[in-house]
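**Student:** Take a look at the letters that make up each chain.
Number of protein chains: 2
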Amino acid sequence: MTLYFIGLGLWDEKDISVKGLEVVRRCDYVYLDHYTSFLNCDIKDLERVYGKEIKLANRDLVEKKAEAIIERAKVSKVAFLVVGDPFAATTHIDLMLRARKEDVKIKIVHNASILSAIGFLGLELYKYGKVTSIPFENKNIKTPYEVYLNNKEKELHTLFLLDLDLENKKFMTVNDGVKFLIDCGLEKDTLCVGVGGVGSDEPEIKIGKAKEIIKRVFVKYPQCFIIPSNMHFMEEEVLGLWK
Amino acid sequence: MTLYFIGLGLWDEKDISVKGLEVVRRCDYVYLDHYTSFLNCDIKDLERVYGKEIKLANRDLVEKKAEAIIERAKVSKVAFLVVGDPFAATTHIDLMLRARKEDVKIKIVHNASILSAIGFLGLELYKYGKVTSIPFENKNIKTPYEVYLNNKEKELHTLFLLDLDLENKKFMTVNDGVKFLIDCGLEKDTLCVGVGGVGSDEPEIKIGKAKEIIKRVFVKYPQCFIIPSNMHFMEEEVLGLWK
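These protein sequences, in sequence, are chains P and D.
Residues 0 to 242 (numbering that gives the first Met the number 0) make up the first sequence, in order.
Residues 0 to 242 (numbering that gives the first Met the number 0) make up the second sequence, in order.
Worth double-checking, as some hints may not be accurate.
Going by beta-carbon spacing under 10 Å, a handful of chain D positions derived as facing chain P [stated by the list, open to error]:
1) H109
2) V216
3) Y220
Listed below are the simulated DSS-like cross-link pairs for lysine-lysine, each with C-alpha atoms no more than 27 Å apart in a straight line [unchecked claim]:
4) D:K43 x P:K153
5) P:K187 x P:K126
6) D:K43 x D:K64
7) D:K13 x P:K43
8) D:K73 x P:K242
Computed footprint of chain D on chain P; a stretch qualifies when at least three of its residues, placed anywhere within it, have a C-beta under 8 Å from a C-beta of chain D [claimed, not checked]:
9) 15 to 25
10) 90 to 99
11) 104 to 113
12) 116 to 124
What the hints contain is simulated information worked out from the structure, not anything from laboratory work.
Quantities reported herein were computed from a predicted structural model and do not represent experimental measurements.
Note that beta-carbon positions come from the ideal geometry of N, C-alpha and C, so glycine has one too.
For reference, chain P alone in the conformation it holds in the complex (with noise of 0.2 Å):
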């Protein structure tokens, strides 16, 4: 039969598409991508609305255990959901990789990704430079500062994606991601752009020096952060508009 992997968007149960609806209420079995990323709501309104059962997959499930979910798929109707866009990462490439190798036939309904979400803030896409996460294990780890040094050699914008512990409901904040930059070596009077809530019907944007966003209070989440390079006249324009 099929694996549908169905992008569910950014910010709650309504952000799924009409398509990806229809899909879901059709599937045998529901399987929700549950530690790459989250909704501002609970489990319990995705199966309101969506009207199925839904199986939380945490990593180990999805990893380790995918011959499950694929032998289901060889005789029924899965839906795999996966917050944003399901392959904006390449977290779940490797599941559809495995399932088109055992001739599991495979459906994509596309969604909203924060990567190209962020589009609004006014930054043009292609100058945004590899995106990354900053881990809440981060002693001794550089790789974020790296990417960012490198990303600004050339010229390029940075997207900085937070940690989160689904599990602990613990989600780790602008503040904590600046602060974290500042200690691997970043410059405190770098701009850097905060965002809480893309998505929402007002997301937070909160514009200023990094010793300044370490103390700004963002209360949506998830958060994300932004350090542009240099930019073009129309883009700190756009930018001003949040200010």
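Got chain P; can you put chain D on it based on the hints?
**Tutor:** What follows is chain D alone, placed relative to chain P:
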């Protein structure tokens, strides 16, 4: 009141999100960007699903007569519909900027963009360089080829979008696009990935040397193609899926 920018996603009238649909149905006026891209359905299908009359906004209306849209948004709820994600390209940033300057409230409903959806091919999104579009009127134009050369030098993949003329229902093919690059000087043995109908149930994906791709048949639109730069073995493996 409010100007809503609503993404329609990539394929047809059912790619709008449940939230987007609710918003459109509550709006007093509904405009559709009718020049940067299109869906594989009739405007009548959109009107039927959305339950609203849709005003087609061509480039002229949006760029030169934005004032009219903004004036309406001052006193009523106006939806501005955009195929894909509203701000994945900067085309509509100017309309947002103008509206904000006139104190019109802005709300955004995101959706899938080709820029993140293309991730399903398995090439890492952060390794894409600047995106470029190949225009119909391309005599003496070298920009897309130069963008490619520049990306190549930085070891970045290049995504080529292809021109369209909605009024005359003309859509550029992968064949035409790759031929144009060969005329600019592209080495005929360069690996190209042609794609038709991203967002459809079964996108067409064809991989081969430039000289082969210009002979392959693609029937779905819109089409686009990628010239990959150096690939990680995982990227090569996933790309191999589509052969």
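**Student:** Hint compliance check: list the failing hint numbers for this structure, sorted ascending.
**Tutor:** Result: hints 2, 3, 4 break, sorted rising.
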